[in-house]
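Chains as they are written, first to last, in our numbering: chain S, 6 to 105; chain F, 1333 to 1842.
If you anchor each label on the Cβ, the simulated ranges turn out as follows:
hint: 1; chain 1: F; residue 1: 1615; chain 2: S; residue 2: 47; range: 56 to 64 angstroms
hint: 2; chain 1: F; residue 1: 1601; chain 2: S; residue 2: 9; range: 31 to 39 angstroms
hint: 3; chain 1: F; residue 1: 1360; chain 2: S; residue 2: 12; range: 42 to 50 angstroms
hint: 4; chain 1: F; residue 1: 1470; chain 2: S; residue 2: 71; range: 41 to 49 angstroms
hint: 5; chain 1: F; residue 1: 1428; chain 2: S; residue 2: 17; range: 29 to 37 angstroms
None of these hints come from the bench; they were simulated from the model. No residue lacks a Cβ here, since even glycine has one placed at the ideal position from N, Cα and C.
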Amino acid sequence: MSIAEVEHVAWLARLALTEEEKRVMAEQLGRILDYMEKLRELDTEEVPPTFHTLEGMRVPLRGDDPRPGLEREEALAAAPDRADDLFRVPRTGEAEGEGA
Amino acid sequence: MSEVQTGRPVRAGGPASAPGGVAAGVPAGWEAVIGLEVHVELSTASKMFCNCPTRFGAPPNSQVCPVCLGLPGVLPVPNRQAVELAVRAALALNCKVATYSKFDRKNYFYPDMPKNYQISQYDLPLATDGYLEVPEGEGSRRIRIRRLHLEEDTGKSMHAADDIVTARYSLLDFNRAGIPLVEIVSEPDIATPEQARLYLEKLKAIMQYCGVSDCRMEEGSLRCDINVSVRRPGGRAGTRTEVKNVNSFRAVERALTYEIARQVEVLEAGGEVEQETRHWDEGAGCTRTLRTKEYAHDYRYFPDPDLPPLVLDPAWIEEIRRSLPELPDARRERYVREMGLPPYDAGVITASRALAEFFEETVRAYPQPKTVSNWVMGEVRRYLNEHGLEPEQIPVRPADLADLLAMVERGTVNMRAARQVFTEMCESGRPPAEIVRERGLEQVSDESLIERAVDEAIAGNPAVVADYRKGKEKALGFLVGQVMKATRGRANPQVVNRLLRERLGPPGTG
Ligand SMILES: [Zn+2]
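Just chain S, with the same shape it has in the complex (with noise of 0.2 angstroms):
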């Protein structure tokens, strides 16, 4: 694995590292992946893909029953920072609404 590559996954998980962290990490990534091209080996064909590694449970589903949850203070409590009853925390570049 390239150190370019490793910045740009480090850059997504907003890691940031040292050039000896980035050696040792493109070692170790490229081990991972190389461990996945011999795997690619193996003939596949006739196997059922599996897309989860919880293959064969089946998720629990729970009735719709509204419960009240933290009172306010102690949710706010664990918060870096809090405005009145909001959470205070640096914004990230972003516009409004963003998220979803």
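Using the hints, position chain F with the ligand against chain S.
For chain F with the ligand alone, kept in the frame of chain S given last:
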């Protein structure tokens, strides 16, 4: 999101304009290729993966718990009702529902999801390959739906400073985080801004009919992102842009008209459209660059290890299919076929479930569908428009409107008085008979009373009478108006007309 691809080739929709014709909102010599991604909040009492309530308008951060705040050590458990509503939505949109789908993590760093990921469905969505029909000319146009999947809503972020660009902090309310959503992605089969609006209107009607969502755009329970590109007729599709922050049906039409014109202008000037995400600025009436391709997201989707696959029993899916109510298209056809309504009127009334229910209940109490339809199309909608109300907010009981229509039929009140009574019914909520009695609006058919007013009108307006006798038929209308005024609108107009003609003789005899 637009980044979601199922790997199937995307076929573009056909041209919207008739051959040689020009579609509104698309410059001549060009075609637009439009796809919509719509988020619909499901009407559940609790959130998607936790039991927090979903009530709109609660004080900030009062409907949160360790699960939707992303605290360590918690496990999400899906809401069965949310899954059922999503299946209903999928079936109502003619989709194939997958008996095996799964939840994936969509990773990102906006502060509106405290987990730093949103639980969504990526490569195995709940449903695929549906469609809905929108009116086009005399017939209809089929807009295909690529996929429908379940996900959780994000929290709401606000900014401390007024200027979104300079604000240094985001302020967060997580009440909305974790509310169940379906995202419905259309194929790019939409060719004009108007069709985009019609698609949304139909989608909203279907969601409301099957009880999936209340679809209140002003409360954010229906939200829309646009993908649009332009091309020469028969030419290759151009580069598309994504437009966000489109918060009303009218804004969808405006934003598209603007963005299509912008792209055409760029291309006609010899430039190239950039692949980017743009933000609709409702106040300024234009779109602006939000982020370009270099900053396009890589969400690094992967299956959520906290959530085993969503496996649905085919018998349950069939049970949900059987429980679907009559949908807007079927209802419109029934109104035309069984009640004899004009197709246009039937279309307008069935476009809203609330309006259709109001209409049907009124017809049950006063079984003359055409008369009821005229009132719903006319007075009822006029009142709603004038007061900015939704059909859910019709302030009159169907039984009361039925009573009023019966009074018109019996001749107790004339049409003019009936309209006045209707407005008062809307304002006071009182039954029509009471208003008619109290205001003395009973129609006067007693000829001796009307005769007196007719004689006064003739005596008091000799010039108008002379005009009429010279052949000015219009002068009669003025005299009718005088009589109605003198009787405070209560005179039976037919009797007034007859008496005036008797007194004046035929026009042009003077
Ligand atoms: Zn919660």
